[in-house]
Amino acid sequence: LQGGEPLSHAVTSTSFSHRAMLGSYYTRSHGLVFVVDLWSIHKSLQDTRVVITDVLQHTHITRKAVLLLANKQDLSGALGEVELIHCLSLEKLVNRHQCRCLIKLCLAVLGSGKTLDTSISKGVEWLLDYISHDYINERVQMDTAHKRAREEDKRKRERGEVRKKA
Numbered sequence: 001l002q003g004g005e006p007l008s009h010a011v012t013s014t015s016f017s018h019r020a021m022l023g024s025y026y027t028r029s030h031g032l033v034f035v036v037d038l039w040s041i042h043k044s045l046q047d048t049r050v051v052i053t054d055v056l057q058h059t060h061i062t063r064k065a066v067l068l069l070a071n072k073q074d075l076s077g078a079l080g081e082v083e084l085i086h087c088l089s090l091e092k093l094v095n096r097h098q099c100r101c102l103i104k105l106c107l108a109v110l111g112s113g114k115t116l117d118t119s120i121s122k123g124v125e126w127l128l129d130y131i132s133h134d135y136i137n138e139r140v141q142m143d144t145a146h147k148r149a150r151e152e153d154k155r156k157r158e159r160g161e162v163r164k165k166a
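All the letters of the sequence shown, read from the start, carry residue numbers 1 to 166 under UniProt numbering.
Across the chosen pairs, the derived CB separations fall in these ranges:
| hint | residue 1 | residue 2 | range |
| --- | --- | --- | --- |
| 1 | Glu125 | Glu161 | 46 to 52 angstroms |
| 2 | Arg49 | Leu116 | 25 to 31 angstroms |
| 3 | Arg49 | Tyr25 | 17 to 23 angstroms |
| 4 | Asp153 | Asp54 | 23 to 29 angstroms |
When the alpha-carbon atoms are kept at most 35 angstroms apart in a straight line, the in silico DSBU-like pairs for lysine-lysine are as follows:
| hint | residue 1 | residue 2 |
| --- | --- | --- |
| 5 | Lys72 | Lys43 |
| 6 | Lys43 | Lys92 |
| 7 | Lys122 | Lys72 |
| 8 | Lys92 | Lys72 |
| 9 | Lys122 | Lys43 |
| 10 | Lys147 | Lys92 |
| 11 | Lys147 | Lys122 |
| 12 | Lys122 | Lys92 |
Please keep in mind that the hints were generated in silico from the structure rather than gathered at the bench. We put the beta carbon where it would ideally sit given N, CA and C, even for glycine.
All chains should be modelled from the sequences, with the hints used to inform the complete structure.
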């Protein structure tokens, strides 16, 4: 989540086909929200594990907060929290990459006219509190400055190659 960015701009990754482009968002991200479907995760467990691993090991995600919303926990056959942690190797991943992580079992859709599941709002509140009270803003500014410097170096090299050809 980026401060001031509407949630309507969230990047969805149901097909996982645009993973490569997600890296460009990491330097400006202060935290992450993963939504996992506990009921149908059996079908996409390997893909989910690969995506979470790829994201958490990225240089600009290390030490950032991760909120994992485990949806559809009410359905028969849904994974439990302990099973989810085990199947995705979450404990090992978040420890290795020094990410603070909170898992909230939730129901994203409670029905027409119902209020938001309190697990979701408490999870988002935790994430925002973590972001606002810890060192992340300084970290994001530093990562962004490094990224800009690398991009500027790349542009200079490309301009140099163009001049050599001319």
